[in-house]
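**Student:** So you can see what is in the structure, the chains are spelled out below.
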Amino acid sequence: MGFLDIDNTTKSYGAVEVLHKIDISVEEGEFLVLVGPSGCGKSTLLNMIAGLEEITSGEIRIKDATMNGVHASKRNIAMVFQSYALYPNMTVGKNITFGLEMHGVPKPERDKAMNDVAKLLQIEQLLDRKPGALSGGQRQRVAMGRALVRNPDVFLFDEPLSNLDAKLRVDMRTEIKKLHQKLGTTIVYVTHDQIEAMTLSTRIAVMNGGYVQQLGTPQEIYDTPANIFVATFMGSPAMNVLPAMVAMENGKPVAQVALHDGTMTSLPFSQNNMADWTGKDILLGIRPETITDEDAADRKSSNIAHMTNRIIVTEPAGSDTFVTMTMGGKDVIARMRSDAEVKAGADFSFAVNMEKAVAFDPETETRIAP
Amino acid sequence: MSVATQDTAIRTGRVVRTLIYLVLLLFALFYMLPLYVMVVNSVKPLDEITGGGMMNLPQVLTFEPWVKAWSAAQIGVEPTGLSPYFWNSIKMVVPAVAISTVLGALNGYVLTKWRFKYDTILFGLMLFACFIPFQIVLIPMARMLGMMGMAGSTSGLVLVHVVYGIGFTTLYFRNYYAVFPTELVRAAQIDGAGFFQIFWRILLPSSGPIAVVSIIWQFTNIWNDFLFGASFAGADSQPMTVALNNLVQASHGVKEYNVHFAGAILAALPTLLVYIVAGRYFVRGLMAGSVKG
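In the order they appear, the protein sequences are chains Y and Z. Each residue of the first sequence is one higher than the one before, starting from 1 at the first, in my numbering. Each residue of the second sequence is one higher than the one before, starting from 1 at the first, in my numbering.
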């Protein structure tokens with residue numbers, strides 16, 4: 001039993017099922033991020049937790065009390081919307097206390113709660129202004145203040161940063177994380193931005209097509225993605241997925257991959273269970289940062305493979321240089337140090353950290369190793 | 001030092017421009033002509049009008065026709081002037097406008113923020129009400145008013161105008177609320193506001209422009225209505241338009257054209273006033289729903 005339980009929950013619109021048997025249990029104080037592409041059902045799920053959408057089947061519980069059929073205002077949740085949804089006709093102070101007023105909290109208590117929250121979020125000087133006179137970041141703070149003031153069991157965030165510009169987004173991200181560390185509240189956060197998901201969460205649920213593809217800590221999701229969708233959705237640039245064949249060399253399983261000119265190179269696996277796949281095709285997943293120049297190879301890794309391949313394109317990005325090459329007939333991106341001496345059109349000697357490599361079944365697209 | 005700016009105006013010669021303004025001026029004068037005739041003749045003694053020269057300015061300025069039209073002209077049986085009918089109209093228009101606007105706002109709120117099955121069909125049917133000609137409903141409406149015991153009364157007229165106006169007011173408010181962010185309603189729901197609290201506290205305070213549109217539209221239509229007033233009003237509830245007709249159409253005695261002109265201006269004055277006071281909001285409100293701000 002968790003703090004917030006989503007139990008076998010489905011959602012249908014007419015005959016169309018958009019969410020299929022979702023099972024998530026959130027502990028108190030956890031920061032769960034629902035991440036996925038548009039239309040994956042993450043916002044619908046959040047709205048179901050909020051009580052804005054009905055639950056077709058299954059059960060959602062908060063603190064072991066069923067929320068099915070309970071009105072949104074009686075669930076003791078608070079929500080921050082993508083557009084902030086500040087009431088345009090009310091001052092910031094009124095916006096923050098409106099919920100308390102609707103719940104019949106007397107005015108002196110409302111004012112005290114408002115002042116506490118305003119102090120916490122440093123928006124005291126804005127209390128008499130209307131939302132129209134605020135900047136994007138200030139509106140964001142007010143929206144969070146409106147959620148905080150009710151002291152709810154669960155905070156729901158619906159893509160709260162997607163309306164901000166890039167720099168402000170990073171600042172507010174840190175702000176939200178700080179707030180979570182300070183208050184230790186339970187948060188469910190919806191985003192389509194995998195970096196937000198990785199940086200903020202204690203656990204991530206990656207969703208696609210109405211299914212939870214994988215539920216785990218950011219590290220688990222990143223290092224051992226359950227399938228190719230999760231592997232390519234999380235991480236930027238995306239994980240390279242290329243066709244390979246498993247063979248045995250010196251009693252060890254290796255992945256045989258075609259290089260730019262069709263010659264084969266052998267990349268030894270760290271996992272011995274790959275021996276079961278000898279002679280079969282697989283899809284090999286390699287993160288861009290695990291392909292480096294020889295000097296930058298991870299010294300702690302017990303399994304560095306070496307190969308020489310031709311560079312097609314180099315993209316210097318300041319902190320890193322991205323290098324594109326062809327492996328297994330696909331474009332493969334490597335993330336190099338910025339001072340690696342790479343030149344387009346030249347052959348280069350790469351080091352591949354095979355300890356971090358992931359293998360997928362080409363039929364089911366699920367992970368087979370590690 | 002002056003900053004060079006790109007001249008984006010369409011270049012036309014001086015002659016062409018003069019011609020354009022001249023034509024526009026002519027149109028404007030032509031358009032103003034009826035008002036000129038009415039005003040000028042309402043402040044002339046009758047013999048100046050009957051002696052010909054309707055376009056001339058008055059030689060003797062008199063406001064007597066205005067006073068007579070307002071308080072002494074023979075309308076129906078009593079020489080009461082238009083004033084009692086003016087108040088009849090006010091008593092009919094104010095509640096009819098208020099009720100139809102509030103109902104339209106409520107309808108718009110429900111049709112956009114509390115969606116239900118077949119709501120678009122229902123809205124389509126309500127829209128259809130805007131296109132029903134007045135004449136078609138005269139007999140059924142008379143029968144219904146009779147059955148409800150409201151025939152020949154001001155409340156009956158109010159009912160008729162409310163029913164007829166709901167189609168328009170619903171259309172206005174529905175289109176206005178369609179682009180009103182639904183997230184605000186959801187936020188208010190989570191905050192614990194109920195159906196009417198959301199309406200009064202969140203939606204209505206932001207509905208100024210469209211409320212003005214609805215009020216102007218309804219006020220003008222109901223004030224200017226003649227057919228319903230002539231058909232359903234009793235002797236003591238006849239609106240201004242019907243009284244004006246009775247004044248002008250009176251078949252006995254001398255035709256006092258100057259009094260008729262004054263009466264016609266009096267009848268048109270309230271709508272004119274509404275336009276002058278709230279006209280600029282009218283255009284603003286009409287545009288508000290169409291472009292997302």
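In case anyone wonders, no lab produced these hints; they're calculated from the structure. Because the structure is a prediction, the values reported are computed rather than measured. One should not assume that every hint holds.
Partial pick of chain Y residues on the chain Z-facing surface, computed with a CB cut under 10 Å [claimed, not checked]:
id : residue
1  : His71
2  : Phe81
3  : Leu156
Don't be surprised by glycine CBs; every beta carbon is placed ideally from N, CA and C.
**Student:** Look at each hint and say if it fits the structure.
**Tutor:** Evaluation of the provided hints:
no.: 1; hint: His71; result: holds, 8 Å
no.: 2; hint: Phe81; result: holds, 4 Å
no.: 3; hint: Leu156; result: holds, 9 Å
Of the hints listed earlier, there is not a single one the structure fails to meet.
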